[in-house]
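Q: Chains as they are written, first to last, in the numbering used here: chain A, 1 to 285; chain B, 1 to 285; chain C, 1 to 285; chain D, 1 to 285; chain E, 1 to 285; chain F, 1 to 285.
Because the hints were derived from the structure by calculation, they are not lab data. For glycine and all other residues, C-beta sits at the position ideal for the given N, C-alpha and C.
Part of the chain C face toward chain A, derived, beta carbon under 8 Å: (1) V12; (2) I18; (3) V49; (4) L50; (5) V54; (6) G116; (7) T275.
With a straight-line Cα cutoff of 25 Å, these simulated BS3-like cross-link-like pairs (lysine-lysine) come out: (8) K77/F x K134/F; (9) K195/B x K24/B; (10) K24/E x K41/E; (11) K24/A x K24/C; (12) K195/F x K24/F; (13) K24/A x K41/A; (14) K24/D x K195/D; (15) K77/D x K134/D; (16) K24/D x K24/B; (17) K24/B x K41/B; (18) K77/E x K77/C; (19) K77/B x K77/A; (20) K24/E x K24/F; (21) K134/E x K77/E; (22) K77/D x K77/F; (23) K195/E x K24/E.
Residue-level listing of the chains:
Number of protein chains: 6
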Amino acid sequence: MQYTEEQASILVEALPYIRRYYGKTIVIKYGGAAMVDERLKEGVCQDVVLMHYVGMRPVLVHGGGPEVSEVMRRLGKEPSFVNGLRVTDAETMEIVEMVLAGKTNKSIVGAINRQGGQAVGLSGRDADLIVAEKAEAEVDLGFVGRVRQVNPGILETLAAGGYIPVISTVACGPDGESYNVNADSVAGEMAARLKAEKLILMTDVPGILQDVQDPDSLISAMSADEAMEMVRSGRASRGMIPKIDACVAAVRGGVERAHIIDGRRPRALLMEIFTDTGIGTMITA
Amino acid sequence: MQYTEEQASILVEALPYIRRYYGKTIVIKYGGAAMVDERLKEGVCQDVVLMHYVGMRPVLVHGGGPEVSEVMRRLGKEPSFVNGLRVTDAETMEIVEMVLAGKTNKSIVGAINRQGGQAVGLSGRDADLIVAEKAEAEVDLGFVGRVRQVNPGILETLAAGGYIPVISTVACGPDGESYNVNADSVAGEMAARLKAEKLILMTDVPGILQDVQDPDSLISAMSADEAMEMVRSGRASRGMIPKIDACVAAVRGGVERAHIIDGRRPRALLMEIFTDTGIGTMITA
Amino acid sequence: MQYTEEQASILVEALPYIRRYYGKTIVIKYGGAAMVDERLKEGVCQDVVLMHYVGMRPVLVHGGGPEVSEVMRRLGKEPSFVNGLRVTDAETMEIVEMVLAGKTNKSIVGAINRQGGQAVGLSGRDADLIVAEKAEAEVDLGFVGRVRQVNPGILETLAAGGYIPVISTVACGPDGESYNVNADSVAGEMAARLKAEKLILMTDVPGILQDVQDPDSLISAMSADEAMEMVRSGRASRGMIPKIDACVAAVRGGVERAHIIDGRRPRALLMEIFTDTGIGTMITA
Amino acid sequence: MQYTEEQASILVEALPYIRRYYGKTIVIKYGGAAMVDERLKEGVCQDVVLMHYVGMRPVLVHGGGPEVSEVMRRLGKEPSFVNGLRVTDAETMEIVEMVLAGKTNKSIVGAINRQGGQAVGLSGRDADLIVAEKAEAEVDLGFVGRVRQVNPGILETLAAGGYIPVISTVACGPDGESYNVNADSVAGEMAARLKAEKLILMTDVPGILQDVQDPDSLISAMSADEAMEMVRSGRASRGMIPKIDACVAAVRGGVERAHIIDGRRPRALLMEIFTDTGIGTMITA
Amino acid sequence: MQYTEEQASILVEALPYIRRYYGKTIVIKYGGAAMVDERLKEGVCQDVVLMHYVGMRPVLVHGGGPEVSEVMRRLGKEPSFVNGLRVTDAETMEIVEMVLAGKTNKSIVGAINRQGGQAVGLSGRDADLIVAEKAEAEVDLGFVGRVRQVNPGILETLAAGGYIPVISTVACGPDGESYNVNADSVAGEMAARLKAEKLILMTDVPGILQDVQDPDSLISAMSADEAMEMVRSGRASRGMIPKIDACVAAVRGGVERAHIIDGRRPRALLMEIFTDTGIGTMITA
Amino acid sequence: MQYTEEQASILVEALPYIRRYYGKTIVIKYGGAAMVDERLKEGVCQDVVLMHYVGMRPVLVHGGGPEVSEVMRRLGKEPSFVNGLRVTDAETMEIVEMVLAGKTNKSIVGAINRQGGQAVGLSGRDADLIVAEKAEAEVDLGFVGRVRQVNPGILETLAAGGYIPVISTVACGPDGESYNVNADSVAGEMAARLKAEKLILMTDVPGILQDVQDPDSLISAMSADEAMEMVRSGRASRGMIPKIDACVAAVRGGVERAHIIDGRRPRALLMEIFTDTGIGTMITA
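In isolation and in its complexed conformation, chain A is listed as follows (with noise of 0.2 Å):
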């Protein structure tokens, strides 16, 4: 290619943004279309890569339900669950394990590799990332976890290695056994843990809505009392809940900003870090 003056002027205004974010942690919970469409997934790991050689550190936080459910009924299994959650016998337990951390997790691996990053996966039980004890509930889901701890040692031995973590959601419970952990959760508990500068949640919507039937009526940003209301109240969609629970948990633990965002649109992450005002919905302490 050859890239023309106004080109290259395009590079020189991402400088601000650059520099502001030299050196910081961004974790980045990856779902949704742009995990399932090929193209925008291309762009996604273009994007991490771009972000990783201008300096940045971004982790890659994936969970992968409709593959699941869909090796699942491969397998003979129905998936079924209550309040959103998978019900997860010790079955189903191996099957969401071998997916998210065989199939999911190296094809992401394997496709930040294509654009000429170097990663590496990894699930929580590796080096006990993320260690989960059974949540609680209504109903026995069975391998159901919340995140009790988050031990980022070994995602600082691979920063320091030059290596992209990409981190399936697994974790490793008081017994060894392997628990299915809510990736939002995951994200947010571990964007707090690492003091990251961003948090960035990649969804199939514009943002939080103020009316819910209304597209247009995105709220550009808002802080952590005010979505907490919003969910109190009961005007965010069930779906949205975890997602604003996670952007909550991680600007109370002390990042910067939480971000949720449309993956659906190309170059999503780039738009949202290369810009002052953002793109979705920005929540802050």
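Based on the hints, put chains B, C, D, E and F in the right spot on chain A.
A: Only chains B, C, D, E and F this time, still in chain A's reference frame:
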């Protein structure tokens, strides 16, 4: 517990071996019964953690054939082999990766961590650790690969951080696709590339036998030339050929000693390490 | 500002170039219109700071002929030249040093720092960075020197600290006196000594022309031998000769590529870096 | 040799203790029969080298009373004691130093090195490791000192280099003269200053006895307060008092556990380390 | 040369002072006759290089008023002063910077390097070392600044590399413009910021005199309070006031001792350093 | 004290020598009158500490023949010599070690520390620093050894920590027993192994004399060949032969210069170091 004088003396007898292997890399191909039998598996993980704490650098490489076949069958796909190599179409490859990297690998990682180690699971795609190309064969075996390159940078980063690497043998192909590679072969190449002190292949036989029919005809030591001659002359059993190839590749690549040992024996690894004569068959350059 | 998707895409297109030059040293001879025109100057400083933040190691080398002549005239001294070289008596040398090291250099340092870089100005006398001896010539030119040695230790110290070096081309003579040395020549020697990836000479012409009269006859790439032939055959313009010499010295000293580019074009540096074909003329070994 | 499975299992049983003491400092006051009997001495040196190789940081402190008395008598000087403390005139001090630093110390160093360790002998004068002042007493004991300060810098330098320090208890006085200091006391202060995990005093008794007459009345654990009470109440034997003082000083100075063990038992050190209940008497804060 | 025993003894007498200042930072305001007289200048540079080689960390700060005035006159501009401060319009500022950073600074750097040191010249604009704001005054003095901040990072980088920093007192203003700042004041602030062991101001008087008329009334030591009282009471000469201010700022900022010495005496620096009582006047907190 | 200008100037005259030996290792064989006379001894220790503080790396090697003989006689044992070598039975060896490592060595260590250095005493057995084998001789000399190997690792560790090593010449034999080795010879081998800049042997004569009878016939410089010829031709005095051998071994092993100087002269070390022509006799390759 309470050590008696006699028990303490046994520790002291290990001292010459501990000194000899202090800071040295030992590549272990983990497989067979020792990976299936839960008690043997726990024992191997204890042995590996002990090796780590007394100053060695164990690197585990594993395949996981039986588990792959089992999941394939559960998914309604009949495994098929040509000359001992699994015919690996795209769907099979996906299953191989899911099982090896998501199930077998994490299960070993968890077992080591339960013994107090800090294991990190990798597949050959992480940080492009293992690069493969399509293996040539008379019939098209699909995604069966041949190791072309090992990039050990990530292993050095992990060793410096005090982590024990556990490697599943899925490789990264020229266009980023996944390849199924033979675990013995990966272990041999890895040992050579890391200038390991030792390569240890855990099998379900006592070692190389002079006469395949006679379990008492164990050859305790032989040269690479003698081992190759055994293959050429047809005296080596078919299952033994890839193991001999791996050992010969390792010692010709600079590894001091390669061992084929009987993983069905409890504490086989320690019996191999803390001994002058070793168990099983030792191949040297 | 707010990046559009299209603008973000332009960033991503820079990725292959960012990866290629990551951690690499790029020596830039800064001069001509780009140093005089305030808007161009601001642009060059932005480009340099951007290069620094995306992982390159830019080293700036500058002269400052017009400013020297101007101050000389203000001090009542008429500049005089022989074959394009300034006749430099002791008083002139003092003015040269005062202007280059005290005015031009600090002005560039300040401009880079205003863009968010951390520049440190050096003259060739600092830490004996550039050692020169009296240049031989038909007439005595006084303190005009020829580079004899480059001591890059201080540049490595500054690079490790994250500073951008800006070097004015006053050299240290055998008895500690100052010498006026040609900036193109210093840049070429410096690039060779630092095993730089690239040498870029910013000029006020489009590059080397096949026919000096025809601005459309730009040669976009040539070998060192072809460039030298051009000098020998008299087809190179007199102003171009020291530039060709510097490029040839650099590539023969191990630099991959040397470029003569048109500094009058805004964003010339970035257009040169983020491109396959480059702008201006590229000379390779 | 050839390890049996049973023997290998004993190694594995040591793993929890190896993990617990990994990287921890253990100060050992070496003395009594274990320093006189050649077989016991060889055993202690093996134990210390093993401790070093499995990741602990043993620090040996020794006196050498009997050897001093013997050399004194060979030189025609009759040893004399007041309250168990050697009357130390200038000539005696010279003999003490010669024997401890030149004979006992180098003999231990040599014995450790023969077992494959890398020992370095120090006296308290080397790098001003132990600074003493004249001990106050009813009668003038001459150069008998009381520890005033421990300067552990040299121990950290040696530990970083992988060396095992062996310290003879001659201290440096305020004017640079040598002082004879009690080895138990030095070990206690050293352990406190190094924030050691353990202090182990090797003696010629089973530990602290409830009833000095009854060897079966061993107290296996007691608090510092209980131990001090034992001294105050006169129930502790005179020889035991400095040992109790040393243990109490250590645990009050931050050491987890102090132990008085029976050095006449072969492998006493390992039996103490690789055990839950320990041998001898343990004193804790 | 050939050292006699007596000469060698003088070296040894320096030992206590060498030990005391080993690894310590000493900020020297260089100025007055010692900067003008060529023999004195050579002597100061030798002293500084000696200080460096015996383990101290000298930092030189210099102004250069007379040279500035001289160049101004050569350019047809009459210097003018208000209350001892130079009226500094934009053109004057340009001359100040050119002379200080391009002539005086490089001349000192060259003189140190001729003595075997490795000096690096800096102005306050390099790496934003000195940040100033416009000084408030009754009449507008133009670009006369007051030090607001010292960023010593570059000094630490240079010290780690074994370089001797030489700093000209041009500061960086809020909008990147240059400011003329008082060298005494910079030296005082720099010493405080670097937690220097000593600040030494080289002047053309013996020190602070009890009676300005009586050169024999030198005060050899005084407290910061006493010095301030001297200023308030009008007993300090006008030229001495900024020097007293600098000393007081330094010692109140944590510097052990500040000295006003007579730079007209050869070897004044060494006589100050290698002495108990010092020469000139010492101010302490 | 108070330095005069003249005294300060003497410091400055040392500067070229300080620069030349900065960071260089200088091995000093300390012995003769300089070790016996208390005032000379204090002087040598001051010189060594000064050398350390001005950046050199002095390494002291010492024997202690007269003290050994004196202690032997006090113990009722008559010293006996064959060809200048002490007949060393087991009991004598024990006395040699006790005196050298426990008395002479610690006395030197203490004297250096009193001057403000941080000395650490070593014998050749510490960290196997000096390995010897039985010296061959016409009559059995017992434990008289010949240096076979020097393991300088511990010296590098100590140098990195800022410690001054003081080495007594007791070596470690093949089976761990102690050997009495010649101190000149150890110093020569040590200098060669450390690639020292200088070896200095302190003796009780002015140097090598052309005519042993004529103290004015000092040879100030000679080549290794000339020195060896002097030995072969019988013109070297018997006491001088091991010293010449040590110097020749050093310079042939890569040491720049070896010196035989008169330790009876106060400040002999500094007079040797801070001089062009040196004192005594210099031997070069």
